[in-house]
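Top line first, the protein sequences correspond to chains A and B. According to numbering that gives the first Met the number 0, the first sequence holds residues 0 to 384 in order. According to numbering that gives the first Met the number 0, the second sequence holds residues 0 to 282 in order.
It is worth saying that the hints were derived from the structure and are not from the lab. Hints should not be assumed to be uniformly reliable.
Between beta-carbon pairs, the in silico distance windows are [said to hold, decoys possible]:
hint : chain 1 : residue 1 : chain 2 : residue 2 : range
1    : B       : L273      : A       : P41       : 46 to 56 Å
2    : A       : A362      : B       : D119      : 19 to 29 Å
3    : B       : V126      : A       : G111      : 26 to 36 Å
4    : B       : G112      : A       : N278      : 15 to 25 Å
5    : A       : P41       : B       : P89       : 50 to 60 Å
6    : B       : F90       : A       : T29       : 27 to 37 Å
Fair warning: this is a prediction, and the values are worked out from it, not measured in the lab. All residues carry an ideal CB built from backbone N, CA and C; glycine is no exception.
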Amino acid sequence: MERRQFIQSSFTAALIAALGGVRWARAAETIKVGILIPLSGPAGLFGASSKNCALMAIDEVNAAGGILGRQIEPLFADVGGPPADAVQAAQKLWKAEGAEAFIGMHDSAVRGALVGVFRGQVPYVYTAVYEGGECAKGTYVLGETPTQQLQPVIPWLAEQKKVGKWYLIGNDYNWPRNTNAAAKDYIKASGGSVVGEEYLPFTVDNFDSNLAQIKKSGADAVLVTLVGGASVGFNRAFASFGLADNALRLGTLIEENTLMGIGAANSKDLYASGGYFRNIDTPEAKAFAEAYTKRFGKDAAVLNMMGESCYEGVKFLKALAEKAGSLKVADTEAAAEGTTYEGPRGKAVMHGRHVARNIYLAAANGAEFEVVKTFENVSPGSNCG
Amino acid sequence: MEMFPLYAMNLLYTIATLGLIVLGLAVVFGFLGVMNMAHGEFIMIGAYSAVFVQQAGYYPLLAIPLALVVCAIVGWLVEWGIVRHLYRRPFDTLLATWGLAILMRKCIEIAFGRKYRSIDQILPGTVGFAGIDYPSYRLALMVAIALFFAALFIWYRRSNTGARIKAMMSNPELAAAVGIDTARLARGAFVFGTCSAGLAGVLMAPLVRVEPYMGIDYLLSSFFVLVVGGLGSIQGLVTGAAVIGGTNVSISTLSGATGGYLAVLLISIVFLWLKPNGIYSRG
Numbered sequence: 000m001e002r003r004q005f006i007q008s009s010f011t012a013a014l015i016a017a018l019g020g021v022r023w024a025r026a027a028e029t030i031k032v033g034i035l036i037p038l039s040g041p042a043g044l045f046g047a048s049s050k051n052c053a054l055m056a057i058d059e060v061n062a063a064g065g066i067l068g069r070q071i072e073p074l075f076a077d078v079g080g081p082p083a084d085a086v087q088a089a090q091k092l093w094k095a096e097g098a099e100a101f102i103g104m105h106d107s108a109v110r111g112a113l114v115g116v117f118r119g120q121v122p123y124v125y126t127a128v129y130e131g132g133e134c135a136k137g138t139y140v141l142g143e144t145p146t147q148q149l150q151p152v153i154p155w156l157a158e159q160k161k162v163g164k165w166y167l168i169g170n171d172y173n174w175p176r177n178t179n180a181a182a183k184d185y186i187k188a189s190g191g192s193v194v195g196e197e198y199l200p201f202t203v204d205n206f207d208s209n210l211a212q213i214k215k216s217g218a219d220a221v222l223v224t225l226v227g228g229a230s231v232g233f234n235r236a237f238a239s240f241g242l243a244d245n246a247l248r249l250g251t252l253i254e255e256n257t258l259m260g261i262g263a264a265n266s267k268d269l270y271a272s273g274g275y276f277r278n279i280d281t282p283e284a285k286a287f288a289e290a291y292t293k294r295f296g297k298d299a300a301v302l303n304m305m306g307e308s309c310y311e312g313v314k315f316l317k318a319l320a321e322k323a324g325s326l327k328v329a330d331t332e333a334a335a336e337g338t339t340y341e342g343p344r345g346k347a348v349m350h351g352r353h354v355a356r357n358i359y360l361a362a363a364n365g366a367e368f369e370v371v372k373t374f375e376n377v378s379p380g381s382n383c384g
Numbered sequence: 000m001e002m003f004p005l006y007a008m009n010l011l012y013t014i015a016t017l018g019l020i021v022l023g024l025a026v027v028f029g030f031l032g033v034m035n036m037a038h039g040e041f042i043m044i045g046a047y048s049a050v051f052v053q054q055a056g057y058y059p060l061l062a063i064p065l066a067l068v069v070c071a072i073v074g075w076l077v078e079w080g081i082v083r084h085l086y087r088r089p090f091d092t093l094l095a096t097w098g099l100a101i102l103m104r105k106c107i108e109i110a111f112g113r114k115y116r117s118i119d120q121i122l123p124g125t126v127g128f129a130g131i132d133y134p135s136y137r138l139a140l141m142v143a144i145a146l147f148f149a150a151l152f153i154w155y156r157r158s159n160t161g162a163r164i165k166a167m168m169s170n171p172e173l174a175a176a177v178g179i180d181t182a183r184l185a186r187g188a189f190v191f192g193t194c195s196a197g198l199a200g201v202l203m204a205p206l207v208r209v210e211p212y213m214g215i216d217y218l219l220s221s222f223f224v225l226v227v228g229g230l231g232s233i234q235g236l237v238t239g240a241a242v243i244g245g246t247n248v249s250i251s252t253l254s255g256a257t258g259g260y261l262a263v264l265l266i267s268i269v270f271l272w273l274k275p276n277g278i279y280s281r282g
């Protein structure tokens with residue numbers, strides 16, 4: 000071989016080896032996961048706990064080898080504002096920064112907008128409590144549905160507490176309306192009746208006329224689907240009028256922060272139904288709560304079902320990716336049914352894009368929750384045909 | 000109609016608390032022409048004074064003087080540093096006080112966090128009368144507000160300072176020429192406005208939700224009341240509170256909270272359109 004040829008071919012060989020080496024290094028790089036949580040706006044209260052729980056899950060998964068052998072690199076974005084802003088934030092993570100999957104803990108308006116943007120091209124895990132019925136391609140829903148939260152709980156309360164006259168009060172949008180529609184069936188099935196139904200705009204902070212109606216109706220149970228500050232204000236006023244002596248309250252979105260706002264003095268006979276509470280008594284849940292306090296300190300954002308759902312989201316994503324063998328939507332769609340994973344909430348199994356899981360009924364004990372009944376493996380109902 | 004006493008009490012409570020909440024803005028906007036967009040945040044400071052006292056374990060009623068002192072200091076600084084330079088520039092005061100509101104919210108968020116706070120009730124329980132049970136604290140609060148307004152009304156009518164304020168409002172240049180220290184009066188009025196807001200916050204704290212963003216709703220309600228009642232008089236404030244509060248409560252009782260809010264909006268629109276100075280307009 001001539002010297003020039005030798006130099007050229009060895010140079011080419013070296014180049015190919017170098018390029019091949021570079022590609023090999025890239026294959027061992029991280030897997031970017033977009034984590035969409037509310038850091039501002041009305042749900043901004045849950046931002047800190049969501050981020051903390053997501054980080055805990057990511058560190059655990061990475062320590063155990065990551066997803067499909069690649070370490071997770073989280074990309075956080077604030078989706079607490081209007082859906083248009085959330086869409087921009089998500090697109091930035093997806094197109095500009097190369098996120099390969101998304102985990103979202105936010106409201107349904109944002110979810111609707113994101114589904115329209117993703118169009119089933121990237122796996123999207125939705126973890127928040129919601130109204131049910133999300134069936135878009137590529138979307139996997141871990142959040143509790145009204146069916147799950149109420150179907151076992153209403154009959155149990157009706158029987159144990161001897162209540163039969165239910166008053167339904169919530170904010171005026173789709174989640175409370177869907178919840179109440181489901182509740183009416185279960186109330187009727189348990190032999191009770193609905194003595195009132197009210198929907199309030201978000202601007203209301205004076206509930207005196209509603210409380211007068213509740214008293215007038217003679218209700219002995221109130222299903223509260225108010226959210227955020229309205230829930231705090233309503234429950235405080237409810238107790239201050241002495242109505243807690245005559246009627247119990249059941250809420251499907253009353254978590255630790257709301258309970259703290261309501262206060263110990265106003266929480267008599269206040270029940271909450273959901274997938275997670277900080278004080279769940281199982282070994283997994285206690286270990287999780289201890290690890291959280293150890294890592295983030297005593298004054299960290301309080302553990303609640305919204306924040307903790309982000310932990311579940313990461314664990315589920317790993318289970319889904321392992322089962323599917325990749326994070327391409329075609330593969331995850333084929334593998335999703337039957338995916339299971341375990342976490343502080345217990346075991347969850349995916350059916351029809353939603354998960355069957357344990358539901359806990361907790362009673363307010365002062366300013367903390369105490370689980371009074373665990374319903375195991377509750378079906379999410381039929382959401383997607 | 001055995002619910003009538005309860006409805007009547009709800010109405011009186013709404014009017015009384017609206018009056019107290021709006022008083023600060025009525026003074027600042029009515030007498031000085033300053034649209035204080037941070038009005039709700041002074042109410043928030045009052046509420047967080049109660050949070051502070053409760054956290055530190057002090058005697059709960061100490062929250063009231065604490066709220067007044069903090070709001071006086073902050074109000075004084077705001078008037079001296081920001082508002083005084085912008086008296087004849089309404090849009091600039093709007094912007095400046097809105098920025099101030101954001102700053103105040105963020106400071107409280109940094110100091111206390113975003114979580115909801117629960118202020119313990121110092122007067123728990125209910126009082127039974129006329130066949131209903133009404134919370135004791137609310138009754139005490141309504142009585143206190145009524146006495147406060149009565150005293151304020153008499154003071155404004157009878158006192159020299161009240162006369163000077165009326166003079167300053169109707170003709171500032173002439174008032175200054177006559178020897179009234181308008182700058183000091185204006186500062187005093189502004190501080191009174193912020194202290195009233197703080198007082199409203201600390202007294203209402205056991206009844207409402209307490210978190211850094213609580214003030215925004217109060218600003219909105221205050222605006223409705225002032226549009227209807229007119230600026231610059233206590234009668235206007237009380238009338239505005241009565242009309243807005245009364246409409247909201249009555250319509251809500253009859254056809255739901257959405258109807259009540261709609262009625263408030265419609266009334267405000269009608270007043271802005273036909274009687275923009277309100278019922279008791281200034282001068």
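Hints, one by one, checked against the model:
no.	hint	result
1	B:L273 x A:P41: 46 to 56 Å	violated (35 Å)
2	A:A362 x B:D119: 19 to 29 Å	holds (21 Å)
3	B:V126 x A:G111: 26 to 36 Å	violated (48 Å)
4	B:G112 x A:N278: 15 to 25 Å	holds (21 Å)
5	A:P41 x B:P89: 50 to 60 Å	violated (30 Å)
6	B:F90 x A:T29: 27 to 37 Å	violated (50 Å)
Violation of the numbered hints given earlier is confined to hints 1, 3, 5, 6; the remaining hints are satisfied by the structure.
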